[in-house]
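Under our numbering, the first residue of the sequence shown carries the number 39, and numbering increases by one thereafter.
Since the hints were derived computationally from the structure, they do not count as laboratory data.
Note that the structure is a prediction, hence the values are computed from the model and not measured.
We put the CB at the ideal spot given by N, CA and C, even for glycine.
Heads up, a few of these hints could be off.
So the derived label-pair ranges between C-beta atoms look like this [as the list claims (entries may be wrong)]:
hint	residue 1	residue 2	range
1	200	234	18 to 26 Å
2	240	193	20 to 28 Å
3	293	381	47 to 55 Å
4	270	311	37 to 45 Å
Taking lysine to aspartate or glutamate and the EDC-like style, the derived pairs with C-alpha atoms no more than 20 Å apart in a straight line are [claimed, not checked]:
hint	residue 1	residue 2
5	122	133
6	122	111
7	339	351
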Amino acid sequence: MTRGKTATLIAVFGFVAVVHLGPAAAAPPAPPSGPPAPTAANPTQGLRRLTVATLPAVPGMQFAVDGRTFTADDQGVASTLVTKAQREAVRAARDQHLVVVTPLLAQGEGVRARFTGWSGPGVYRPGEIPEEYQQATFDMEYRTDFTFGARSGRPVDSSTLSSMRLVSSLGKRIVLTPPRRVWLQGSRITTGSLGLQSSAVSYRIESVTRSGANVVHRGQQQFFPSRSQKVEVALLLFNVRFSARDALLGTGTGSSVALEFPDGHVDHLAFGSNGAVTVRELPRGEYHVTVEGAGPALTQKLTLSENQKVDIDAVTWLDIGLVFLLLLGVVVALFVVRAALRRRGSGPVDLAAAELDEQRDLVRTQ
Numbered sequence: 039m040t041r042g043k044t045a046t047l048i049a050v051f052g053f054v055a056v057v058h059l060g061p062a063a064a065a066p067p068a069p070p071s072g073p074p075a076p077t078a079a080n081p082t083q084g085l086r087r088l089t090v091a092t093l094p095a096v097p098g099m100q101f102a103v104d105g106r107t108f109t110a111d112d113q114g115v116a117s118t119l120v121t122k123a124q125r126e127a128v129r130a131a132r133d134q135h136l137v138v139v140t141p142l143l144a145q146g147e148g149v150r151a152r153f154t155g156w157s158g159p160g161v162y163r164p165g166e167i168p169e170e171y172q173q174a175t176f177d178m179e180y181r182t183d184f185t186f187g188a189r190s191g192r193p194v195d196s197s198t199l200s201s202m203r204l205v206s207s208l209g210k211r212i213v214l215t216p217p218r219r220v221w222l223q224g225s226r227i228t229t230g231s232l233g234l235q236s237s238a239v240s241y242r243i244e245s246v247t248r249s250g251a252n253v254v255h256r257g258q259q260q261f262f263p264s265r266s267q268k269v270e271v272a273l274l275l276f277n278v279r280f281s282a283r284d285a286l287l288g289t290g291t292g293s294s295v296a297l298e299f300p301d302g303h304v305d306h307l308a309f310g311s312n313g314a315v316t317v318r319e320l321p322r323g324e325y326h327v328t329v330e331g332a333g334p335a336l337t338q339k340l341t342l343s344e345n346q347k348v349d350i351d352a353v354t355w356l357d358i359g360l361v362f363l364l365l366l367g368v369v370v371a372l373f374v375v376r377a378a379l380r381r382r383g384s385g386p387v388d389l390a391a392a393e394l395d396e397q398r399d400l401v402r403t404q
């Protein structure tokens with residue numbers, strides 16, 4: 039009897055417990071899903087590291103993963119903690135989850151870094167804190183100024199130049215019309231024996247145009263924007279002294295010269311009291327020169343490649359008059375000589391005729 043009452047009481051208490059505690063109390067707790075969450079004692083628990091290295095090093099470059107920004111340190115390395123799901127999302131669809139916040143970033147006065155792309159799909163590095171390692175590549179650009187000078191050392195105003203053409207070691211051509219300050223790519227990413235590395239980009243000056251002529255030797259002047267942001271360009275400019283002399287008499291003549299430049303424009307240059315005029319810093323090239331104020335306009339070709347003294351033989355009106363008089367004198371002299379010869383030749387002919395007549399008369403009388 040006692041045992042039966044005890045069993046009944048246990049059954050009643052068990053029923054009451056099930057009713058009051060519900061099904062959750064009756065079922066054992068489910069195990070947690072996914073990695074453990076960070077705690078105060080272990081703040082990195084369950085997290086992975088995402089590291090982005092910049093090449094070349096770009097301090098201050100900003101990146102964002104799913105909207106959260108992190109910045110590169112002085113060595114150009116940016117790092118943040120992400121969940122395992124975020125790390126896997128970056129590896130599966132990087133462009134959707136990892137972005138460059140500042141694709142163009144100043145790196146000091148006249149220097150800036152431009153994002154060019156990612157190097158490979160990234161690398162997973164296991165460890166105490168597993169890491170997703172990405173590498174971002176950049177071109178370095180430099181604000182480059184140009185100064186110009188003649189071979190004599192005198193500076194040349196860039197406003198007198200119409201254009202300048204550059205070609206880089208990458209094969210890119212740049213035309214500046216007129217020559218001016220410009221941002222130039224100064225580095226590129228290449229693959230070498232040590233892997234990816236940043237290499238300097240060089241430039242050569244193909245042409246500088248002034249008055250229609252190229253005043254540099256093509257490709258002989260080279261520079262690196264990464265080494266110098268101020269480039270001095272030597273120009274082929276020459277000084278020429280013009281004078282004119284009478285082609286026959288050898289004396290000075292003319293009042294000025296008309297100088298036609300390679301681009302077709304003409305300058306009229308008056309002679310000084312010494313009968314000459316000096317023009318400084320003329321571009322090398324082909325010119326046409328005409329002496330004015332002396333006689334008919336006769337143009338002569340001049341090829342300029344060095345400092346020169348040009349003494350032009352000009353035909354003057356006086357020369358033309360003298361030649362005319364000379365020719366007239368020759369004609370008159372020939373006429374006089376011819377007339378004299380005719381007179382000399384007429385004597386013998388008349389004598390012979392007279393002798394012939396006398397012989398005829400003699401025959402008739404006989």
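The hints, checked one at a time:
no.	hint	result
1	200 <-> 234: 18 to 26 Å	violated (41 Å)
2	240 <-> 193: 20 to 28 Å	holds (25 Å)
3	293 <-> 381: 47 to 55 Å	holds (51 Å)
4	270 <-> 311: 37 to 45 Å	holds (38 Å)
5	122 <-> 133	holds (17 Å)
6	122 <-> 111	violated (24 Å)
7	339 <-> 351	holds (12 Å)
The structure does not agree with the numbered hints 1, 6 stated previously, though it agrees with the rest.
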